[in-house]
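Engineer: These are the residues of each chain, in order.
There are 2 protein chains.
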Amino acid sequence: MARIVMKFGGTSVADLDRIRNVASRVKRERDAGHEVAVVVSAMAGVTNQLVAWCQGLAPLYDAREYDTVVATGEQVTSGLLAIALQQMEVDARSWLGWQLPLRSDGAHGRARIESIEGAELIRRMGLGQVAVVAGFQGLGPDGRVTTLGRGGSDTSAVALAAALRADRCDIYTDVDGVYTTDPRIVKRARKLDRITYEEMLELASVGAKVLQTRSVELAMKERVRVQVLSSFADLPGTLLVDEDEIVEKTIVAGIAYTRDDAKVTVRRVPDRPGIAAAIFGALAGETINVDMIVQNVAADGTTDMTFTVGKADLPRTLAALDHAAERIGFAEITTDPDVVKISVVGVGMRSHVGVANTMFRTLAEKSINIQVISTSEIKVSVLIGAEYTELAVRALHTAYGLDAA
Amino acid sequence: MARIVMKFGGTSVADLDRIRNVASRVKRERDAGHEVAVVVSAMAGVTNQLVAWCQGLAPLYDAREYDTVVATGEQVTSGLLAIALQQMEVDARSWLGWQLPLRSDGAHGRARIESIEGAELIRRMGLGQVAVVAGFQGLGPDGRVTTLGRGGSDTSAVALAAALRADRCDIYTDVDGVYTTDPRIVKRARKLDRITYEEMLELASVGAKVLQTRSVELAMKERVRVQVLSSFADLPGTLLVDEDEIVEKTIVAGIAYTRDDAKVTVRRVPDRPGIAAAIFGALAGETINVDMIVQNVAADGTTDMTFTVGKADLPRTLAALDHAAERIGFAEITTDPDVVKISVVGVGMRSHVGVANTMFRTLAEKSINIQVISTSEIKVSVLIGAEYTELAVRALHTAYGLDAA
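Chains as they are written, first to last, in the working numbering: chain A, -14 to 390; chain B, -14 to 390.
In short, the hints are calculated from the structure, not lab data. Remember, predicted model here, so these are calculated numbers, not experimental data. Some hints here could point you the wrong way.
As the list makes no split between identical chains, a pair holds if one copy fits it or if it spans any two.
[Stated by the list, open to error] Simulated pairs of lysine to any residue, SDA-like, Cα-Cα distance not exceeding 25 Å:
1) LYS172 / ASP285
2) LYS172 / ARG153
3) LYS176 / TYR373
4) LYS176 / GLU233
5) LYS234 / GLU14
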């Protein structure tokens, strides 16, 4: 007998047939004697429709009202899945964020979970009732509905697993696990049986869309055993584990890419102390996240500052720099949205030298120019022209020996 | 300065343009210096979709989960209207049933309102904030979402008006008031400037779909000044008033019809005391509402019992009678769903004789056979073949002098 949290994403609950399919999977676990809580996303497409309505009424909508609107998607799915389970003679009830309650901070639209009250759920699960929890939503300190940001249902599931002291948190999705890279680009990409929390965290943060970054952080912190697997196939998935649980270690676990960033270059700013603070302080003041940064010093006492921001933040970035133009003092600003960030991730980098160099050499052999480089302990990222995405990912996948036999 | 509750139905908030139109109307009242609370229904079609999903998963769904699912329709509209108002520089916030809270009893799917906490809304309305309240929903004693039955947003609005001690409750809909009868059938139907609570209550309960019956009951009990008017045209509507506020009294206020009933005849039951209790007790035990009843005594010591039930309840009615067959002892049961109930309503009946006779004579002149008759103090209803609906309504409209000049 185990206590399990199962999470199903939007494509897994896209219509009534798929909701019935999910109910069958839940029933199977319950019939095997397990205690089960389920976390559900909105039916595929629903959240986008709700967001579009908010944006259609006001470009800068009130995040509290946005939360009230978009949280309904998960509310609908939770009620429908409870009905589908009851129809299969499985005792079940839906739980909304405010009913648990799942308390969050007050950052509407991207709230962080503060606590989940689990005692009543544990009691009912012990009596055989399946808890169907609406993902993505919480109760703010203002007594209003909050949402946890796109992909937030993953985080709901992991947090619930921690609160319920669950033995496992199974994240069912439309892929059957975590791959060495995007199988749509690399046919010989391999599914990983296991991946470390650290690697998954880096991969999620640099574009691998399997899990929300925050859910991985939380799983790592709370040591929740997360498994990513398909809701459509009966196959083993990918298990998130501690480093010492991986027997056959590879140097690189996976290669991720994201086209979500844009490059900004501030040209010919005076090369004096405090200039970086002036530029990035202006952006921080507008809560714009800056990712990769590189600085080139020219001979004439000026410098070029190049960095990346999210494409959606580009207009606000230019406005903020323009506003601080006098304080910074630059000649011009150029931008390039046609870039891709490619990252190789692996805990093996800690003990192996030359990982970054393999990357640079491989790209050079394909005549791909590297525009910006950034590194962390277990990751190397480069910014290159977007048109080289497929070429670069395939070449690196081969160079790091990740191709399936 | 007045305190106003405005209620908008599903067709009035069917898309973003119409939601903006509603916001303009609300802003106009606010700009005129009034304190405003708005009650909204789900966007047209949304509730039907949500209900269809529940039914698609289980014919006999759990009403608690049904409520969780269908209440989202009003939640979405409340958030969207708040956003639309803010975009017009009107301070506004949405309120869900559990946030007010609007407490109801635990009869999920058709809950009755028990109380509404109005103090915080009154405080905020005094500061100029518009309260946008999701209609149709409440908080049950089990801490879960309840809904008030189809058309329940009317009742939400009237109850809110009572709780807020509002000066007016304006029900905006897709017709511009209460008519002497259905204008789709009678071209010369007239809009009534005023109608008494009692008349409106009878009309609502016998098929006029302008207002939910319970909302009229509540308005009458709490003396809420309800006005029915169009959200699309700038025209005066129909005001619900006390009898002494109507100057030019007519004998009949309006004619309503409903095709929602079916006729059931239990043939040749023994004509002995307790037989009605046996039949109708069996139906009451299944919470089946019986409307019109007529009993014919035959010469052989048996009797035929004819009555009407809602068409949707017909299968359950037959099952209940079958179950009690031995106790009742009947020869056969016949049913006829092709019937219509036509009602004439007017407080003038109290002081004028011959109103019912005018009805019977008019129908006889058109050779329409009356199958069942029932009367109340201010209403006469007859059951006739459904194919005579238009003929009967038009003839009666003329006979009672209701045709527009």
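Engineer: Measure nothing new, just compare the shortest in-copy and cross-copy C-alpha distances for LYS172 and ASP285 to 25 Å and report within, between, both or neither.
Structural biologist: neither (49 Å within a copy, 87 Å between copies)
Engineer: Given identical chains, is LYS234 near GLU14, meaning Cα to Cα at most 25 Å, within a copy, between copies, both, or neither?
Structural biologist: Neither. Shortest intra-copy (32 Å) and inter-copy (70 Å) distances fail the 25 Å Cα cut-off.
Engineer: Within a copy, between copies, both or neither: where do LYS176 and GLU233 come within 25 Å Cα-Cα?
Structural biologist: Answer is within: at 14 Å inside a copy they meet the 25 Å cutoff, but 82 Å across does not.
Engineer: Treating 25 Å as the Cα threshold, decide for LYS172 and ARG153: within, between, both or neither.
Structural biologist: neither (31 Å within a copy, 68 Å between copies)
Engineer: Which holds for LYS176 with TYR373 at a C-alpha limit of 25 Å: within a copy, between copies, both or neither?
Structural biologist: within (24 Å within a copy, 70 Å between copies)
Comparing the model with each numbered hint stated earlier shows that hints 1, 2, 5 do not hold.
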